[in-house]
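The chain contents come next:
Protein chains: 2
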Amino acid sequence: MLVTPRTLSGFRDRLPDEAIAKERLLKKLTLVFESFGFVPIETPHLEYAEILVKQGSDEIQKELYKFQDHGKRDVALRFDQTVPLARFISQYKNEVGLPFKRYVIGNVFRGERAQKGRYREFTQCDFDFIGSKSIACDAEIIQVIYASLITLGINDFIIWLNHRNILNGICKYFGITEEKAIQDTLRIIDKLEKIGAQGVKEELQKTLQLSEKKAEGLLQTTSIKQTQHQEEFFREIAHMKEWNEELKNGIEELENMYALLQDLEMDKDCYRVNFSIARGLGYYTGIVYETTLNRLKSLGSVCSGGRYDNLTKTFSKESLSGVGASIGLDRLLAGLQDLGLLDSKATTARNLIVCTHQDFLPFAYKLAESFRRSLINTEVFPEVTKLKKQLSYADQKGHEFTIIIGEREFQSKTITLKNMTTGMQLECLSFLKALEIIKS
Amino acid sequence: MLVTPRTLSGFRDRLPDEAIAKERLLKKLTLVFESFGFVPIETPHLEYAEILVKQGSDEIQKELYKFQDHGKRDVALRFDQTVPLARFISQYKNEVGLPFKRYVIGNVFRGERAQKGRYREFTQCDFDFIGSKSIACDAEIIQVIYASLITLGINDFIIWLNHRNILNGICKYFGITEEKAIQDTLRIIDKLEKIGAQGVKEELQKTLQLSEKKAEGLLQTTSIKQTQHQEEFFREIAHMKEWNEELKNGIEELENMYALLQDLEMDKDCYRVNFSIARGLGYYTGIVYETTLNRLKSLGSVCSGGRYDNLTKTFSKESLSGVGASIGLDRLLAGLQDLGLLDSKATTARNLIVCTHQDFLPFAYKLAESFRRSLINTEVFPEVTKLKKQLSYADQKGHEFTIIIGEREFQSKTITLKNMTTGMQLECLSFLKALEIIKS
Numbered sequence: 000m001l002v003t004p005r006t007l008s009g010f011r012d013r014l015p016d017e018a019i020a021k022e023r024l025l026k027k028l029t030l031v032f033e034s035f036g037f038v039p040i041e042t043p044h045l046e047y048a049e050i051l052v053k054q055g056s057d058e059i060q061k062e063l064y065k066f067q068d069h070g071k072r073d074v075a076l077r078f079d080q081t082v083p084l085a086r087f088i089s090q091y092k093n094e095v096g097l098p099f100k101r102y103v104i105g106n107v108f109r110g111e112r113a114q115k116g117r118y119r120e121f122t123q124c125d126f127d128f129i130g131s132k133s134i135a136c137d138a139e140i141i142q143v144i145y146a147s148l149i150t151l152g153i154n155d156f157i158i159w160l161n162h163r164n165i166l167n168g169i170c171k172y173f174g175i176t177e178e179k180a181i182q183d184t185l186r187i188i189d190k191l192e193k194i195g196a197q198g199v200k201e202e203l204q205k206t207l208q209l210s211e212k213k214a215e216g217l218l219q220t221t222s223i224k225q226t227q228h229q230e231e232f233f234r235e236i237a238h239m240k241e242w243n244e245e246l247k248n249g250i251e252e253l254e255n256m257y258a259l260l261q262d263l264e265m266d267k268d269c270y271r272v273n274f275s276i277a278r279g280l281g282y283y284t285g286i287v288y289e290t291t292l293n294r295l296k297s298l299g300s301v302c303s304g305g306r307y308d309n310l311t312k313t314f315s316k317e318s319l320s321g322v323g324a325s326i327g328l329d330r331l332l333a334g335l336q337d338l339g340l341l342d343s344k345a346t347t348a349r350n351l352i353v354c355t356h357q358d359f360l361p362f363a364y365k366l367a368e369s370f371r372r373s374l375i376n377t378e379v380f381p382e383v384t385k386l387k388k389q390l391s392y393a394d395q396k397g398h399e400f401t402i403i404i405g406e407r408e409f410q411s412k413t414i415t416l417k418n419m420t421t422g423m424q425l426e427c428l429s430f431l432k433a434l435e436i437i438k439s
Numbered sequence: 000m001l002v003t004p005r006t007l008s009g010f011r012d013r014l015p016d017e018a019i020a021k022e023r024l025l026k027k028l029t030l031v032f033e034s035f036g037f038v039p040i041e042t043p044h045l046e047y048a049e050i051l052v053k054q055g056s057d058e059i060q061k062e063l064y065k066f067q068d069h070g071k072r073d074v075a076l077r078f079d080q081t082v083p084l085a086r087f088i089s090q091y092k093n094e095v096g097l098p099f100k101r102y103v104i105g106n107v108f109r110g111e112r113a114q115k116g117r118y119r120e121f122t123q124c125d126f127d128f129i130g131s132k133s134i135a136c137d138a139e140i141i142q143v144i145y146a147s148l149i150t151l152g153i154n155d156f157i158i159w160l161n162h163r164n165i166l167n168g169i170c171k172y173f174g175i176t177e178e179k180a181i182q183d184t185l186r187i188i189d190k191l192e193k194i195g196a197q198g199v200k201e202e203l204q205k206t207l208q209l210s211e212k213k214a215e216g217l218l219q220t221t222s223i224k225q226t227q228h229q230e231e232f233f234r235e236i237a238h239m240k241e242w243n244e245e246l247k248n249g250i251e252e253l254e255n256m257y258a259l260l261q262d263l264e265m266d267k268d269c270y271r272v273n274f275s276i277a278r279g280l281g282y283y284t285g286i287v288y289e290t291t292l293n294r295l296k297s298l299g300s301v302c303s304g305g306r307y308d309n310l311t312k313t314f315s316k317e318s319l320s321g322v323g324a325s326i327g328l329d330r331l332l333a334g335l336q337d338l339g340l341l342d343s344k345a346t347t348a349r350n351l352i353v354c355t356h357q358d359f360l361p362f363a364y365k366l367a368e369s370f371r372r373s374l375i376n377t378e379v380f381p382e383v384t385k386l387k388k389q390l391s392y393a394d395q396k397g398h399e400f401t402i403i404i405g406e407r408e409f410q411s412k413t414i415t416l417k418n419m420t421t422g423m424q425l426e427c428l429s430f431l432k433a434l435e436i437i438k439s
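From first to last, the protein sequence lines stand for chains A and B.
Counting from 1, position 391 in the first sequence corresponds to residue 390 in numbering that gives the first Met the number 0; the numbering is continuous, with no gaps.
Counting from 1, position 335 in the second sequence corresponds to residue 334 in numbering that gives the first Met the number 0; the numbering is continuous, with no gaps.
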């Protein structure tokens with residue numbers, strides 16, 4: 000009996016055009032990460048369940064792919080790249096040395112309810128700076144996000160910045176000081192886009208027993224967003240430093256960070272403070288980042304992160320501080336697609352060589368070798384079928400040029416070159432002449 | 000209570016030096032695959048168990064990581080990249096078009112008994128040519144193996160070639176015609192290295208009830224190995240084409256393949272016929288490949304494969320033929336290490352910039368940006384600690400140059416450059432002068 004070929008719900012294949020686009024994108028990101036000296040590491044997809052379970056939120060625990068292996072060990076597939084990093088750095092901090100800058104590109108698994116655009120296996124692309132509390136690290140993460148997007152051809156984006164101490168300070172100013180109440184506040188404010196200002200205000204009043212005036216004040220304060228020049232913005236919020244120590248510290252850290260970025264060739268409109276960014280809730284302890292594309296706001300954040308001080312608390316009494324961000328690769332790919340910034344070819348080769356007779360194949364292979372030596376990716380159609388069929392193969396896959404070897408070309412050791420975009424055909428060229436045209 | 004940070008038995012992490020080496024290697028291999036027009040695809044790590052179970056051998060079924068997911072589906076982690084390819088091509092053959100050339104680099108999982116050098120999660124690197132029976136495909140696989148190894152700096156290797164029909168033909172000549180008996184014969188011959196000629200002969204006699212003379216003949220015939228020039232070799236074995244149709248076909252296919260490779264710039268000593276290569280047993284139906292490094296024979300084959308005609312039989316009545324090979328990445332990495340061909344740096348950056356005072360950090364970041372723009376990967380030490388500590392960080396990670404920013408350098412906007420290999424230090428250079436030295 001035949002088995003129906005299919006993937007699991009929430010899982011998917013990538014066909015060549017998408018896989019090529021993803022590979023190109025990862026290659027560019029890797030260059031950016033490495034230009035800053037981030038290094039790759041590798042951890043297994045499968046870990047002891049207890050390693051992953053302890054750190055995750057309740058929701059993530061439910062979504063964990065957990066099972067018993069052949070040795071009756073409780074094991075699970077990783078659901079993110081941060082917990083494996085915490086385990087890794089706890090094990091090897093002496094070997095790798097601190098501070099430690101790592102990037103990682105890999106798949107993670109979450110048994111979420113299947114829905115459009117959400118997958119149960121997806122690729123995460125993280126870069127983190129471990130073992131230093133210097134604000135220079137936080138500043139560098141912004142540089143990496145900036146350089147990554149610019150390298151991918153995106154130049155219309157904003158990296159939104161906030162600081163956990165600013166949120167704590169605002170909460171404190173409005174009388175909210177218990178950790179649980181702060182968490183609730185951040186969670187409610189995070190819903191602004193979803194339920195609107197009125198909804199947020201009502202929920203703040205109900206959940207936190209705030210007066211309408213306080214709820215209104217809290218909402219207005221967390222709605223502060225940098226729209227003007229940096230100096231002007233910091234001048235305008237300077238009075239908030241007087242509210243309490245938390246706000247003072249948070250705002251000053253942002254100022255110090257801005258000072259580090261001051262002279263760099265980065266468009267200053269591309270990173271802005273936004274007091275409503277509350278992501279990560281309990282997890283983050285310092286700066287937080289979110290990144291939106293101006294032309295695709297509905298996409299949500301394509302790169303988020305922040306500073307955390309308790310990375311290794313599950314594994315070690317010694318606490319290590321880290322700061323990093325994660326690029327949502329699938330989301331970014333979808334965004335680039337929508338922005339028309341993805342090349343959607345199904346081939347990695349520029350040339351396809353086709354022959355009209357079996358005997359010409361050795362010449363075709365020899366030619367292909369010569370093109371490859373000139374760094375032109377070249378494919379040979381391995382069968383001798385109707386020319387039309389061979390040309391339609393090039394059309395389907397997206398080769399730029401077809402090189403046709405017929406009797407005449409074979410005898411004279413020349414090439415007939417067809418530009419698949421324009422349809423123009425040049426006959427009986429020398430190899431060097433053809434190379435010149437292809438390279439131009 | 001703290002959790003002990005550790006990996007599962009048979010699983011492992013890669014530290015930066017190894018992960019960097021692997022990434023470099025994969026980048027080079029990707030360039031080679033794509034220069035031939037192979038395209039990447041991606042399939043999930045997790046599949047319906049029935050997709051994987053039907054195709055695997057008994058041994059692999061035992062080793063499968065199989066479990067029930069949240070929806071009570073029987074699922075399993077892939078154990079190779081070939082079964083997912085078979086499913087993929089059965090689903091999408093119309094979308095992708097045939098012939099289809101794909102490469103894939105990804106991890107697979109096998110719950111084998113843990114032993115030195117064998118891992119339960121490992122990386123496979125496959126390239127396959129699906130949907131064409133042309134011998135030109137088989138020839139191209141040899142070219143890809145050859146180009147891959149040369150690109151990695153290995154030039155002392157042999158790609159061993161054999162043909163399933165040659166093995167069948169030899170068996171037939173010695174009176175072995177039943178499929179089961181042929182399989183047994185190949186399995187026994189495969190043990191030559193392990194149990195020696197006498198052992199093989201005895202086992203052939205015992206298992207297949209062969210006379211000593213026949214066992215001896217069988218052993219001698221399968222021991223034929225090409226040591227001379229191609230023309231000479233084929234002349235010497237030409238008489239075997241008379242033995243039966245299978246031998247005639249197998250030898251002629253090898254001859255046809257050699258003809259295609261004849262004019263290419265490949266060292267002809269690097270691919271040779273070897274009648275003892277029996278790998279894959281039931282699976283392969285045509286040519287088979289194995290690749291050994293001359294200076295590291297004990298490593299075993301670093302790239303193996305062959306032609307198979309029943310790729311999609313589990314999923315479809317239509318049979319598709321394919322030919323391909325798989326690079327044993329972990330083995331190859333180990334080999335390159337032993338041959339001294341691996342660079343073992345723990346950093347991706349050439350430069351480390353260090354400051355003696357907090358106030359110099361913005362200048363350091365600006366300098367780093369300038370170096371990166373000149374394509375020199377550059378890292379800034381994010382903290383201001385003792386210079387000695389910062390320099391030992393560069394020593395530990397393997398940066399080539401340290402750039403020191405002290406009071407003098409900061410005031411004059413110059414650079415002190417220390418070559419970490421020679422220890423030589425040049426003071427107060429301009430950025431351009433430093434760049435020139437680093438690039439030279």
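Careful: at least some of the hints might be erroneous.
For lysine-lysine, the following DSS-like pairs were computed, each having C-alpha atoms within a straight-line distance of at most 27 Å [to be verified]:
{"no.": "1", "chain 1": "B", "residue 1": "Lys-27", "chain 2": "A", "residue 2": "Lys-21"}
{"no.": "2", "chain 1": "B", "residue 1": "Lys-92", "chain 2": "A", "residue 2": "Lys-344"}
{"no.": "3", "chain 1": "B", "residue 1": "Lys-438", "chain 2": "A", "residue 2": "Lys-316"}
{"no.": "4", "chain 1": "B", "residue 1": "Lys-385", "chain 2": "A", "residue 2": "Lys-92"}
{"no.": "5", "chain 1": "A", "residue 1": "Lys-26", "chain 2": "B", "residue 2": "Lys-71"}
{"no.": "6", "chain 1": "A", "residue 1": "Lys-71", "chain 2": "B", "residue 2": "Lys-71"}
{"no.": "7", "chain 1": "B", "residue 1": "Lys-92", "chain 2": "A", "residue 2": "Lys-92"}
{"no.": "8", "chain 1": "A", "residue 1": "Lys-21", "chain 2": "A", "residue 2": "Lys-71"}
FYI, nobody ran anything at the bench for these hints, they're computed from the structure.
No experiment lies behind these values; they were computed from the predicted model shown.
Between Lys-27(B) and Lys-21(A), does the CA-CA distance stay at or below 27 Å?
-> holds, 17 Å
When you check the alpha-carbon spacing of Lys-92(B) and Lys-92(A), does it fall within 27 Å?
-> Not satisfied, since the Cα-Cα distance of roughly 48 Å exceeds 27 Å.
27 Å limit on alpha-carbon distance, applied to hinted pair Lys-385(B) and Lys-92(A) | With Cα atoms ~20 Å apart, Lys-385(B) and Lys-92(A) stay inside 27 Å; holds.
Holds or violated: are the alpha carbons of Lys-26(A) and Lys-71(B) at most 27 Å from each other?
-> Violated, because 38 Å separates the two Cα atoms, which is more than 27 Å.
Are Lys-21(A) and Lys-71(A) close enough, with their CA atoms no more than 27 Å apart?
-> violated, 37 Å
Given the proposed pairing of Lys-71(A) with Lys-71(B), does the C-alpha separation stay at or below 27 Å?
-> holds, 19 Å
For the pair supplied as a hint, Lys-92(B) and Lys-344(A), is the alpha-carbon distance within the 27 Å limit?
-> It holds: about 17 Å lies between the C-alpha atoms, which stays within 27 Å.
Are Lys-438(B) and Lys-316(A) close enough, with their CA atoms no more than 27 Å apart?
-> Distance of about 45 Å is beyond 27 Å: violated.
Of the numbered hints listed earlier, those contradicted by the structure are 3, 5, 7, 8.
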